[in-house]
Amino acid sequence: MWLSPSLLLMIISIVTSICLVISSPSLFISWIGLELNTLAFLPLLLSKKSKLASEASIKYFLTQTLASVLILVGGLWFLAPWGGLATLTLLLGLSIKLGAAPFHSWVLSIAEASGWVPLFALLTIQKINPLLMLWMFCHLSMPFFYVVVLSSLIMGGLAGLTQTSVRSILTFSSINHVGWLMTALSFSLSVGAYYFLIYLTTLLCSILIFHMFNVSHINQLPLLSFKPSNQMLLFFALLSLGGLPPFLGFLPKWMILQLTVSYSLLLVGGVMISMSLVVLFFYLRLMFSAFMMGGVNLTTLSSDPLPFPVYFVALFSITGGGLSMIYFL
Amino acid sequence: MLKFILMGSCMTLFFSNWGVAVTLLFFMAFVFGVGMSGFGLGLVNLIQVDLMSYFLSYLSIWILAMMIMMSFYVKDHKSFPEVFLGLGVGMLIFLLVSFGTSDLLMYYIAFETTLIPIFLLVMGWGYQPERISASYFLLFYTLAASLPLLLGILWVNFTDCSLDYFFLGQGAQFSNPILFWLMLLAFLVKLPVYFGHLWLPKAHVEAPVAGSMILAGVLLKLGGYGMVRVVPYIELSLSEFSSFLMSVSLVGGVTASVICIRQTDCKSLVAYSSVAHMALVLLGVVINSSVGLAGVVTIMISHGLCSSGLFSLVGMIYERMGTRSIILIRSLITLAPLSTLWWFLFAISNMAAPPSPNLLGEIYLFISSIGWWGGSSLLVGGLSFMAGAYNLFLFVSTQHGTDSFLSNSMGDCSFREHLVLFLHMAPFILLFPVLSHLFL
Numbered sequence: 001m002w003l004s005p006s007l008l009l010m011i012i013s014i015v016t017s018i019c020l021v022i023s024s025p026s027l028f029i030s031w032i033g034l035e036l037n038t039l040a041f042l043p044l045l046l047s048k049k050s051k052l053a054s055e056a057s058i059k060y061f062l063t064q065t066l067a068s069v070l071i072l073v074g075g076l077w078f079l080a081p082w083g084g085l086a087t088l089t090l091l092l093g094l095s096i097k098l099g100a101a102p103f104h105s106w107v108l109s110i111a112e113a114s115g116w117v118p119l120f121a122l123l124t125i126q127k128i129n130p131l132l133m134l135w136m137f138c139h140l141s142m143p144f145f146y147v148v149v150l151s152s153l154i155m156g157g158l159a160g161l162t163q164t165s166v167r168s169i170l171t172f173s174s175i176n177h178v179g180w181l182m183t184a185l186s187f188s189l190s191v192g193a194y195y196f197l198i199y200l201t202t203l204l205c206s207i208l209i210f211h212m213f214n215v216s217h218i219n220q221l222p223l224l225s226f227k228p229s230n231q232m233l234l235f236f237a238l239l240s241l242g243g244l245p246p247f248l249g250f251l252p253k254w255m256i257l258q259l260t261v262s263y264s265l266l267l268v269g270g271v272m273i274s275m276s277l278v279v280l281f282f283y284l285r286l287m288f289s290a291f292m293m294g295g296v297n298l299t300t301l302s303s304d305p306l307p308f309p310v311y312f313v314a315l316f317s318i319t320g321g322g323l324s325m326i327y328f329l
Numbered sequence: 001m002l003k004f005i006l007m008g009s010c011m012t013l014f015f016s017n018w019g020v021a022v023t024l025l026f027f028m029a030f031v032f033g034v035g036m037s038g039f040g041l042g043l044v045n046l047i048q049v050d051l052m053s054y055f056l057s058y059l060s061i062w063i064l065a066m067m068i069m070m071s072f073y074v075k076d077h078k079s080f081p082e083v084f085l086g087l088g089v090g091m092l093i094f095l096l097v098s099f100g101t102s103d104l105l106m107y108y109i110a111f112e113t114t115l116i117p118i119f120l121l122v123m124g125w126g127y128q129p130e131r132i133s134a135s136y137f138l139l140f141y142t143l144a145a146s147l148p149l150l151l152g153i154l155w156v157n158f159t160d161c162s163l164d165y166f167f168l169g170q171g172a173q174f175s176n177p178i179l180f181w182l183m184l185l186a187f188l189v190k191l192p193v194y195f196g197h198l199w200l201p202k203a204h205v206e207a208p209v210a211g212s213m214i215l216a217g218v219l220l221k222l223g224g225y226g227m228v229r230v231v232p233y234i235e236l237s238l239s240e241f242s243s244f245l246m247s248v249s250l251v252g253g254v255t256a257s258v259i260c261i262r263q264t265d266c267k268s269l270v271a272y273s274s275v276a277h278m279a280l281v282l283l284g285v286v287i288n289s290s291v292g293l294a295g296v297v298t299i300m301i302s303h304g305l306c307s308s309g310l311f312s313l314v315g316m317i318y319e320r321m322g323t324r325s326i327i328l329i330r331s332l333i334t335l336a337p338l339s340t341l342w343w344f345l346f347a348i349s350n351m352a353a354p355p356s357p358n359l360l361g362e363i364y365l366f367i368s369s370i371g372w373w374g375g376s377s378l379l380v381g382g383l384s385f386m387a388g389a390y391n392l393f394l395f396v397s398t399q400h401g402t403d404s405f406l407s408n409s410m411g412d413c414s415f416r417e418h419l420v421l422f423l424h425m426a427p428f429i430l431l432f433p434v435l436s437h438l439f440l
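Those protein sequence lines, which keep their order, are chains Y and P.
Residue 9 in my numbering sits at position 9 of the first sequence; the count goes up by one each step and never skips.
Residue 142 in my numbering sits at position 142 of the second sequence; the count goes up by one each step and never skips.
A hint or two may mislead.
As the list claims (entries may be wrong) - So the derived list for chain P, only partly shown, Cβ under 8 angstroms to chain Y, looks like this:
{"#": "1", "residue": "V31"}
{"#": "2", "residue": "E112"}
{"#": "3", "residue": "I116"}
{"#": "4", "residue": "I132"}
{"#": "5", "residue": "F140"}
{"#": "6", "residue": "A144"}
{"#": "7", "residue": "P148"}
{"#": "8", "residue": "L150"}
{"#": "9", "residue": "L151"}
{"#": "10", "residue": "L154"}
{"#": "11", "residue": "W155"}
{"#": "12", "residue": "N157"}
{"#": "13", "residue": "F158"}
{"#": "14", "residue": "S162"}
{"#": "15", "residue": "I348"}
{"#": "16", "residue": "L378"}
To be verified - Derived DEER-like restraints, expressed as beta-carbon distance ranges:
{"#": "17", "chain 1": "Y", "residue 1": "L266", "chain 2": "P", "residue 2": "G381", "range": "42 to 48 angstroms"}
{"#": "18", "chain 1": "Y", "residue 1": "H139", "chain 2": "P", "residue 2": "F30", "range": "39 to 45 angstroms"}
{"#": "19", "chain 1": "Y", "residue 1": "N214", "chain 2": "P", "residue 2": "G322", "range": "39 to 45 angstroms"}
{"#": "20", "chain 1": "P", "residue 1": "S133", "chain 2": "Y", "residue 2": "H217", "range": "19 to 25 angstroms"}
{"#": "21", "chain 1": "Y", "residue 1": "T162", "chain 2": "P", "residue 2": "S325", "range": "36 to 42 angstroms"}
{"#": "22", "chain 1": "P", "residue 1": "S133", "chain 2": "Y", "residue 2": "L52", "range": "34 to 40 angstroms"}
{"#": "23", "chain 1": "P", "residue 1": "S290", "chain 2": "Y", "residue 2": "S141", "range": "47 to 53 angstroms"}
{"#": "24", "chain 1": "Y", "residue 1": "T164", "chain 2": "P", "residue 2": "D412", "range": "47 to 53 angstroms"}
{"#": "25", "chain 1": "P", "residue 1": "Q170", "chain 2": "Y", "residue 2": "P25", "range": "21 to 27 angstroms"}
{"#": "26", "chain 1": "P", "residue 1": "V251", "chain 2": "Y", "residue 2": "N214", "range": "40 to 46 angstroms"}
{"#": "27", "chain 1": "Y", "residue 1": "H139", "chain 2": "P", "residue 2": "Y127", "range": "39 to 45 angstroms"}
{"#": "28", "chain 1": "P", "residue 1": "Q170", "chain 2": "Y", "residue 2": "Y311", "range": "45 to 51 angstroms"}
{"#": "29", "chain 1": "P", "residue 1": "I178", "chain 2": "Y", "residue 2": "S141", "range": "21 to 27 angstroms"}
{"#": "30", "chain 1": "Y", "residue 1": "S264", "chain 2": "P", "residue 2": "F241", "range": "55 to 61 angstroms"}
Stated by the list, open to error - Coverage of chain Y stretches by chain P, computed from C-beta distances (three or more under 8 angstroms per stretch; other residues unrestricted):
{"#": "31", "stretch": "20–26"}
{"#": "32", "stretch": "251–263"}
{"#": "33", "stretch": "283–291"}
Hints were generated in silico from the structure; no laboratory data involved.
None of the values given here were measured: they were computed from a predicted structure.
Here a beta-carbon is modelled for each residue, glycine too, at the ideal position from N, C-alpha and C.
Turn these sequences into a full structure, and let the hints steer you where they fit.
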């Protein structure tokens, strides 16, 4: 099913739209890229046949259209006498597209309804376009940008505590990561790109594991008879996503914290630090239910060895940080 | 130092064979000890060893060997022995990195990393279901305090452009109170000082014997070591806050020892005694004199060996009787007379009786604290008295008394356990002349 011609077309369209946004000289062409992206992503959401999925795709379509309209209007307002409102409107549209905190509700309902692969695309690849435009037009010196960053960090951390679905937990963690990403992008594009790539890798690792074992709820985890090595893999992957020091996920966070301290943005730095603790807390809750399998031993659920790519990604996601630490030894 | 870190990494090849692992650890310790002959301050390629980090690295290799020898039950019960050994060796590698590195940020990274193995040890091999909340406490208390440390370190890095110990205190002197607490809070919780100590007795009670040994033996010392390293950056504010910290340390130490004596669980008694001892370490760091520093190092090393020995004794009893309650463990002298000698030796060492280097450290610290303010002699005296009281209480209530109904079929120490206890006690006694010679 995966490489049916139509889906291949959609995937190619998404890549094209990203290329369009990256290389466009004008805001209008970028906007066309965003629209192409929306249209190409809809069939991916619909690849899972259920009522929930069609509802989710409608929600996706409506929010994205609203955001696109705001972006287009904001772009046009650059020429208007009230041009000061232009970047604000643009930022509003882009925040909706990113799923940053005050505008994040749509991501959750779509994440719940989609499969693991579309979810991964939604949380990572779909963010490339708006992030690039954000880098071009907005900056942390804007008060509204500041508010969006802080509320993404806080909402992603605190609201994730209430969730029991694995998809929602990953979504809230991605909202938290959006806060980090926006801060990174307001420093420089390369830091943002670095953060994004590492976030993509670490998320890929845990999503692959959830995908392989088809886990979508926290109380399914104890029923899977994981081998201890797989448990460790998931544990380390989640810690890496949470950004605990020896793992790869710590590296970009370290860079960004260094930059926030250098620019004396101590409030943002403090919120980042405290919220990464909260995020780590709900990752660990996910892990505890996976570790506590000792009592339950359902041999009917097979524990096949994970396919090789998972180990490869996991190895990179876990040891990448350690390898880069050798630099200091 | 790098060769020991690499040696530790190579040990991961021997996960299945515990005998080989222990032998390798002793080999490492031997080479480490021989290396002392050509020993000064080595500073090679960002790996630095001075007297304090040398002793603490040595201690971590030693305690790790002890802890593996003490937990052969993990191997016998086949409860994931490879993972257990892997966690231990992983912890050793990062301990060596943290004591050996000369870069503050690298120290921080290794400091955080050692949390993960101890967290997994408590959660995976602990005894009761309460180990979940205990491991949560352990992880989040230390993380919540040490993530701000990262901000502080990056702040210093931004201002000084270097975090190398070589330039320690030669850059900008900070008098910012925010930076002061950012830098110190992590170590205060890790040490733990009273008020930040709640995670420790919980973690100790739930941890397996190996976890308690390494936690009390080495991991708490990471806090003291880190404090000694960051103090040069924050000396200006230290003089401002020293009265506060001294009060916390002295009053907290006495309170911890008073709490200690009313524990009914042997393990939590020993855990609270660590809190009381670590209060002395904070005292030495805050006084910030050379005698104080000598006391800090001496107390850290001797407490590492002594409390690890006490935890292994408690673990032995727990393996045989299935309880650690002081009410139920009684009259061990009739059942296991040989172990009574060990109980006695470790109890008097913990109360700083003469042949133990604990005494040396306490003398250093008492001298410097009374020099700081004569009135502190009252609290310091209370600390010393209470140490005697709770250790006697521990010894008398477990070894003497009427027969317990639980203990009619208990064997004495096995050869392996005697060896473990001997290897705690022998270096401990031998360290007295070494330490008194080195620091004065």
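Do the hints match the structure? See the list:
{"no.": "1", "hint": "V31", "result": "violated, 19 angstroms"}
{"no.": "2", "hint": "E112", "result": "holds, 4 angstroms"}
{"no.": "3", "hint": "I116", "result": "holds, 7 angstroms"}
{"no.": "4", "hint": "I132", "result": "holds, 6 angstroms"}
{"no.": "5", "hint": "F140", "result": "holds, 7 angstroms"}
{"no.": "6", "hint": "A144", "result": "holds, 6 angstroms"}
{"no.": "7", "hint": "P148", "result": "holds, 6 angstroms"}
{"no.": "8", "hint": "L150", "result": "holds, 6 angstroms"}
{"no.": "9", "hint": "L151", "result": "holds, 6 angstroms"}
{"no.": "10", "hint": "L154", "result": "holds, 4 angstroms"}
{"no.": "11", "hint": "W155", "result": "holds, 5 angstroms"}
{"no.": "12", "hint": "N157", "result": "holds, 7 angstroms"}
{"no.": "13", "hint": "F158", "result": "holds, 5 angstroms"}
{"no.": "14", "hint": "S162", "result": "violated, 12 angstroms"}
{"no.": "15", "hint": "I348", "result": "violated, 40 angstroms"}
{"no.": "16", "hint": "L378", "result": "violated, 40 angstroms"}
{"no.": "17", "hint": "Y/L266 with P/G381: 42 to 48 angstroms", "result": "holds, 43 angstroms"}
{"no.": "18", "hint": "Y/H139 with P/F30: 39 to 45 angstroms", "result": "violated, 59 angstroms"}
{"no.": "19", "hint": "Y/N214 with P/G322: 39 to 45 angstroms", "result": "holds, 41 angstroms"}
{"no.": "20", "hint": "P/S133 with Y/H217: 19 to 25 angstroms", "result": "holds, 23 angstroms"}
{"no.": "21", "hint": "Y/T162 with P/S325: 36 to 42 angstroms", "result": "holds, 39 angstroms"}
{"no.": "22", "hint": "P/S133 with Y/L52: 34 to 40 angstroms", "result": "holds, 36 angstroms"}
{"no.": "23", "hint": "P/S290 with Y/S141: 47 to 53 angstroms", "result": "holds, 49 angstroms"}
{"no.": "24", "hint": "Y/T164 with P/D412: 47 to 53 angstroms", "result": "holds, 51 angstroms"}
{"no.": "25", "hint": "P/Q170 with Y/P25: 21 to 27 angstroms", "result": "violated, 51 angstroms"}
{"no.": "26", "hint": "P/V251 with Y/N214: 40 to 46 angstroms", "result": "violated, 56 angstroms"}
{"no.": "27", "hint": "Y/H139 with P/Y127: 39 to 45 angstroms", "result": "violated, 54 angstroms"}
{"no.": "28", "hint": "P/Q170 with Y/Y311: 45 to 51 angstroms", "result": "holds, 47 angstroms"}
{"no.": "29", "hint": "P/I178 with Y/S141: 21 to 27 angstroms", "result": "holds, 23 angstroms"}
{"no.": "30", "hint": "Y/S264 with P/F241: 55 to 61 angstroms", "result": "violated, 23 angstroms"}
{"no.": "31", "hint": "20–26", "result": "violated (count 0)"}
{"no.": "32", "hint": "251–263", "result": "holds (count 5)"}
{"no.": "33", "hint": "283–291", "result": "holds (count 3)"}
Hints 1, 14, 15, 16, 18, 25, 26, 27, 30, 31 from the earlier list are contradicted by this structure; the remaining hints agree with it.
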